[in-house]
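Peer 1: Can you build the whole structure from these sequences, using the hints too?
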Amino acid sequence: MTETDINLILGLREQSPKAQQMALERYGNDVFAQVARMLPAVEDAEEVYQDVFIKVFRNINQYDEEKSSIKTWIMRIAYNEAVTWLRHKRPTMLYFEDREGQSDELSDQVVEETLGRPNSEMVQLIRAAMKHLPPDERAIITMFYYEEMSLKEIAYVTESIPTTVASKLSRTRKKLCRIIKMLQS
Amino acid sequence: MKEEQLNKLREQDQNLRDAIRLDEVELPQMPVDLNARLMQRVTQEKPHKARTRIIWPWIAAACVAAVIAVFLTPPKEVTGEIAQMQEPTVEPVGTVIAKQEPKKVEPEQLQMAEAKPIRKAPVKLKEQACEQTVEEKPLLAQETAPVEEMVTEQPTVTLSEHDVPITRPENLKYTPEEMALMKKQANEAYLKWVELELEIAKYHLEQTAQNDK
Numbered sequence: 000m001t002e003t004d005i006n007l008i009l010g011l012r013e014q015s016p017k018a019q020q021m022a023l024e025r026y027g028n029d030v031f032a033q034v035a036r037m038l039p040a041v042e043d044a045e046e047v048y049q050d051v052f053i054k055v056f057r058n059i060n061q062y063d064e065e066k067s068s069i070k071t072w073i074m075r076i077a078y079n080e081a082v083t084w085l086r087h088k089r090p091t092m093l094y095f096e097d098r099e100g101q102s103d104e105l106s107d108q109v110v111e112e113t114l115g116r117p118n119s120e121m122v123q124l125i126r127a128a129m130k131h132l133p134p135d136e137r138a139i140i141t142m143f144y145y146e147e148m149s150l151k152e153i154a155y156v157t158e159s160i161p162t163t164v165a166s167k168l169s170r171t172r173k174k175l176c177r178i179i180k181m182l183q184s
Numbered sequence: 000m001k002e003e004q005l006n007k008l009r010e011q012d013q014n015l016r017d018a019i020r021l022d023e024v025e026l027p028q029m030p031v032d033l034n035a036r037l038m039q040r041v042t043q044e045k046p047h048k049a050r051t052r053i054i055w056p057w058i059a060a061a062c063v064a065a066v067i068a069v070f071l072t073p074p075k076e077v078t079g080e081i082a083q084m085q086e087p088t089v090e091p092v093g094t095v096i097a098k099q100e101p102k103k104v105e106p107e108q109l110q111m112a113e114a115k116p117i118r119k120a121p122v123k124l125k126e127q128a129c130e131q132t133v134e135e136k137p138l139l140a141q142e143t144a145p146v147e148e149m150v151t152e153q154p155t156v157t158l159s160e161h162d163v164p165i166t167r168p169e170n171l172k173y174t175p176e177e178m179a180l181m182k183k184q185a186n187e188a189y190l191k192w193v194e195l196e197l198e199i200a201k202y203h204l205e206q207t208a209q210n211d212k
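In order, the protein sequences belong to chains A and B.
So in numbering that gives the first Met the number 0, spot 128 of the first sequence is number 127, and the numbers just go up one at a time.
So in numbering that gives the first Met the number 0, spot 63 of the second sequence is number 62, and the numbers just go up one at a time.
Hints in this document: simulated from the structure, not taken from any laboratory.
Computed from a prediction, not measured in an experiment: that's the story for all the values here.
Any given hint could be a false lead.
Negatives, chain A to chain B, calculated, CB over 12 Å [to be verified]:
| id | residue |
| --- | --- |
| 1 | Glu42 |
| 2 | Phe56 |
| 3 | Val82 |
| 4 | Leu85 |
| 5 | Pro90 |
| 6 | Gln101 |
According to the in silico footprint, chain A covers these stretches of chain B (three or more CB under 8 Å from chain A) [unchecked claim]:
| id | segment |
| --- | --- |
| 7 | 12 to 20 |
| 8 | 172 to 185 |
The beta carbon of each residue, even a glycine, is placed where N, CA and C say it ideally should be.
Peer 2: Printed below as a string of structure tokens:
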């Protein structure tokens, strides 16, 4: 933990407006992106974003430096707030649910070729397929591939354990391939 | 799947990483004034929080004071009960005294009753009328009863000094209705005693008249 992080946490604990402003500048974009990719509309993301930072400012004394970084802690609050919002509001969103377990029938080689071999057409297909994933799976795969968070960090954010996150990531990869196959057919 | 394998796959899945990166770029941008609005909301909520912090100890203190007041102040019913509880403890003393006295005075009273039956009743009547109390009632009632064999006619309740409300300061706690009732009962008992005394006197007169004959 850097000195600026320590000063920021101390400032937040003293409810200093300067520290709060600094926290918004440092982590605001990440939080907004996390929330916006899980929620259907920008207005909803704005509402949840505000709730997240209000919660951060109020509960800063509950933050434990030994468990995670301040950023991971804030991202955890953002994830939970978004999930809570979805649970309460129940917006109409369509997801692909692999109830018959057809994704598991795909071989590792097919999955690796689909997701790995550089192909601009395939990138567009993956983007289209990602829109059919549930918000929590989309959030996990983004945290892993885009923000390059470790399994432990993702597990902390999603209040899970690393092995569960690993199996979820593996399943989501196969699910994406399954959706792509469906889109292609 | 282990983390090392997943990290390896993360590097391999070029298409997936590109797709996510493009998606993130196309995500809606955060409004510029969002942080300003948030800070405004934070500052608006702060005074409200401080206000509640100031008010709640006073509310709590008032509640505690009210509870203490309720527990420390005895209700009226309790004081009445206390007075009633005290009476039975006092009454036996009175009755004991009343029962003991006749034993001592009994022979004399018997002689007096035999020797001067006519004078006895008027004198006592005068005394009782002046005092306006029922002080000697139980004594006389018990004295005369064995002699005259009229126990059945005597009042079952023996009144003593302690039953007179005026003589006891603690009885000032009685309500006016209770006081009036007690006075009424005392007067009724006194009248009954007078009637009894008259009957006794009449009986003695008859006895002496028969003896003279």
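Peer 1: How does the coverage statement for the segment 172 to 185 of chain B fare against chain A, requiring three or more residues with Cβ below 8 Å from a Cβ of that chain?
Peer 2: With 0 residues close enough to chain A, the hint is violated.
Peer 1: Going by Cβ atoms, does A:Leu85 stay more than 12 Å from chain B at every point?
Peer 2: 17 Å, holds
Peer 1: Verify the coverage statement for the segment 12 to 20 of chain B against chain A, using a C-beta to C-beta distance below 8 Å and requiring 3 or more qualifying residues.
Peer 2: holds (count 9)
Peer 1: Holds or violated: is the Cβ of A:Val82 farther than 12 Å from all Cβ atoms of chain B?
Peer 2: 18 Å, holds
Peer 1: Beyond 12 Å from every chain B Cβ: check whether that's true for A:Pro90.
Peer 2: Its Cβ never comes within 12 Å of chain B, the nearest being 16 Å, so this holds.
Peer 1: Checking a non-interface call: every C-beta of chain B should be farther than 12 Å from the C-beta of A:Gln101. Is that right?
Peer 2: A:Gln101 is indeed farther than 12 Å from all Cβ atoms of chain B, at 20 Å.
Peer 1: Since A:Glu42 was said not to touch the interface, does its Cβ keep a gap of more than 12 Å from each Cβ of chain B?
Peer 2: Answer for A:Glu42: violated, closest chain B Cβ roughly 10 Å.
Peer 1: Per the stated criterion, does the least C-beta distance between A:Phe56 and chain B lie above 12 Å, as a non-interface residue requires?
Peer 2: 6 Å, violated
When the structure is compared with the earlier hints, violations turn up for hints 1, 2, 8 and for no others.
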